[in-house]
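There are 6 protein chains.
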Amino acid sequence: MPTLDEYRAIGQKLRQRVFGAPAPGAAKSPTQELAPDLGRISDEVLFGQIWSRPGLELPHRSMITIAALTALGREPELKAHIRGGLNVGLTREQIVEIVLQMAFYAGQPAAHAGFRAAKEVFDQLDKQAGG
Amino acid sequence: MPTLDEYRAIGQKLRQRVFGAPAPGAAKSPTQELAPDLGRISDEVLFGQIWSRPGLELPHRSMITIAALTALGREPELKAHIRGGLNVGLTREQIVEIVLQMAFYAGQPAAHAGFRAAKEVFDQLDKQAGG
Amino acid sequence: MPTLDEYRAIGQKLRQRVFGAPAPGAAKSPTQELAPDLGRISDEVLFGQIWSRPGLELPHRSMITIAALTALGREPELKAHIRGGLNVGLTREQIVEIVLQMAFYAGQPAAHAGFRAAKEVFDQLDKQAGG
Amino acid sequence: MPTLDEYRAIGQKLRQRVFGAPAPGAAKSPTQELAPDLGRISDEVLFGQIWSRPGLELPHRSMITIAALTALGREPELKAHIRGGLNVGLTREQIVEIVLQMAFYAGQPAAHAGFRAAKEVFDQLDKQAGG
Amino acid sequence: MPTLDEYRAIGQKLRQRVFGAPAPGAAKSPTQELAPDLGRISDEVLFGQIWSRPGLELPHRSMITIAALTALGREPELKAHIRGGLNVGLTREQIVEIVLQMAFYAGQPAAHAGFRAAKEVFDQLDKQAGG
Amino acid sequence: MPTLDEYRAIGQKLRQRVFGAPAPGAAKSPTQELAPDLGRISDEVLFGQIWSRPGLELPHRSMITIAALTALGREPELKAHIRGGLNVGLTREQIVEIVLQMAFYAGQPAAHAGFRAAKEVFDQLDKQAGG
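Residue numbers (the working numbering), protein chains in the order written: chain A, 4 to 134; chain B, 4 to 134; chain C, 4 to 134; chain D, 4 to 134; chain E, 4 to 134; chain F, 4 to 134.
Okay, chain A solo, but in the shape it has when bound:
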């Protein structure tokens, strides 16, 4: 069984593959500032021991996370995971389909919030690409 250090190394690498490397000098998130241990645990466990499991492919892990965050109405994290989904190979069309299907399982307002999040992310990426 791997050590904690090994899990953390696996997790950090995988987290960066999903979310990209943090910009140098980027401000810490409130979680990183107030509870750095949750960031560490997130690397060691959520990315190091869950997202890294072979039983489900990386793009599928993004899909189900986007679905759940849309259903639960957790928009800031949803935006991060829409970006992440694109980073691990989901297409914009697939992301739109996931949010659309949630209209029927979590209600149309959940889907509307999901599309607001998706549009914000897509627009930012277009602007960066256009800049």
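If you're looking for bench data, these hints aren't it; they were derived computationally from the structure. Everything numeric in this text was worked out from a predicted model, so none of it was measured. A couple of the hints might just be wrong.
Put simply, identical chains are the same to the list, so a pair is met inside one copy or across any two.
Stated by the list, open to error - Only pairs whose alpha carbons sit at most 25 Å apart, straight line, appear in this in silico DSS-like list of lysine-lysine:
| id | residue 1 | residue 2 |
| --- | --- | --- |
| 1 | Lys82 | Lys31 |
| 2 | Lys130 | Lys82 |
| 3 | Lys122 | Lys82 |
| 4 | Lys16 | Lys31 |
| 5 | Lys130 | Lys31 |
| 6 | Lys82 | Lys16 |
| 7 | Lys130 | Lys16 |
| 8 | Lys16 | Lys122 |
Got chain A sorted already, so can you dock chains B, C, D, E and F onto it with the hints?
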């Protein structure tokens, strides 16, 4: 654009591919009894116009539905969609991975409820296979 | 302004109009047993000062409560308020329409759970009437 | 049975009665831009086949939608439906009563969020009327 | 048993101990403006008859409220109760621990939202102290 | 920093202090059977690295967990944590107060469900004591 009848035919076929054909003489569900129009709309729209869209593969539609139902704590529908996921090609291992990942995005109690649902479905299938 | 005793009297009367008088010798609910003050507050405030307000008619108060309990997935209370809605003049058809509409605002699983609750109440009433 | 085109025509008319005609040149919503089919389905089904059903009057459909959106904490859609409720004949007083009652079924924070939404809508309407 | 006036007096005093006295000339909240009775009921019941009960100490009442609001994702009320918790003797460290633990029972996104709320409150207090 | 083995040992001990030692020959839970890694992670992280932190006392960790599970409507886990709370020193009265307060922050139906859970646990304990 297809007519309603065509959508309904597409939807019924797809619904049966996911959930299987209803057993002959099976009792109606409360929804079918009290609001048959919702069953019809479900065929015409949810299965006929959403699940049938080419932008996301059928097993991926099962994945995201299982994820959302686990996150939302909707156990009876979750059990139906776990069976459905197996029918469209998900493995038990993939379903376990989906539920497991929800522990981190919707909380451990959501995952425990998901595993109770999954175990019930798996046990029933094993019994049917063993019978 | 009414006194607490007056509010409680108004509330008890209104609660009984909605839910019926408790059967003589009926067991206490867990809330009544563990937190009798919540039952008292419910009479003095929820029924005595909210349901009794003139700004919304009694059947409309039942409608919105049934809608919210369906959306939130609180089935035992939903069943009580479906009975209550019938007591204050809602028809079964209206109750079915309320639950049906929730399919689109809270997701189809919320409506399925609502129809399970409604059918259970309707069947019980039919049996009592038939007996 | 009506055709899809007929349902859509019924639905569009009813949606406009609830929400008003879109301002000429108004920007598309993220949902309309990313998933125009959901807007179409919303007209054909939610408004064309649900809100149009005779079993529940239009103002009552607004009431239950406002109740559910308050309970679920879906503020942008709640604001749209508060405006819509006023358009189909609800009074401000009735809307306030609906939100108030939710304090007891979904918790006081749900009601506070509902009142923030209502006040924003009411203030905008007052400003428009005053302008 | 106390009268309503006495409950209200107890409740107002206790509410002010938790949230501080309202600044003179402070704007009314939307709830106070649209439904002043809910404010009154909140004093008479929530603070006058619940928070004042001897069965649970004041800081413990803050703890459980912060936990629930984090789990439910009700950020504006969470911020008020984080300030309130500090007023009744919780330390910042305790508040961070409460939010952190919610990551495991309500999901990491709930905790991230909780830390955003906590940081905003802590930063405002630091600025006031520094000013 | 401790190793994973050390965290797991700390966590197992603490989990047993909260929930008691598993009865010899007790059946595995669905989570333990389908996803034993979540049980392991729960020991290593949730109990080994969160519940064991010095920043919040053990009974306070029980309090906030009971509050959150009541608010979220996760009854099976709530029952386990009500038992756990009693094991780490909460009184029945304190547990009743926690559930009662949730009536105002998550709605009365959440409290009713919480009292059903509490009564079931209290009755079982009384029966065991009486046996």
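Each hint tested on the structure:
1. In this assembly of identical chains, Lys82 and Lys31 lie within 25 Å of each other by CA distance both inside one copy and across copies; the values are 17 Å within and 20 Å between.
2. Within a single copy, Lys130 and Lys82 get their C-alpha atoms as close as 16 Å, which meets the 25 Å cut-off; across copies the closest is 30 Å, which misses it.
3. In the homo-oligomer, the alpha carbons of Lys122 and Lys82 lie at most 25 Å apart both inside one protomer (9 Å) and across protomers (20 Å), since each shortest distance falls under that limit.
4. With identical chains, the CA atoms of Lys16 and Lys31 are at most 25 Å apart within one copy only, with a shortest distance of 18 Å there and 34 Å across copies.
5. For the identical chains of this complex, Lys130 and Lys31 are neighbours both inside a copy (24 Å) and across copies (19 Å), given an alpha-carbon limit of 25 Å.
6. Taking the shortest Cα distances, Lys82 and Lys16 sit within 25 Å of each other inside one copy (20 Å), while across copies they are farther apart (34 Å).
7. For the homomeric pair Lys130 and Lys16, neither the shortest alpha-carbon distance inside one copy (27 Å) nor that between copies (37 Å) is at most 25 Å.
8. Neither within a single protomer nor between protomers do Lys16 and Lys122 lie at most 25 Å apart by alpha-carbon distance, with minima of 28 Å and 28 Å respectively.
Checked against the numbered hints above, the structure breaks hints 7, 8 and satisfies the rest.
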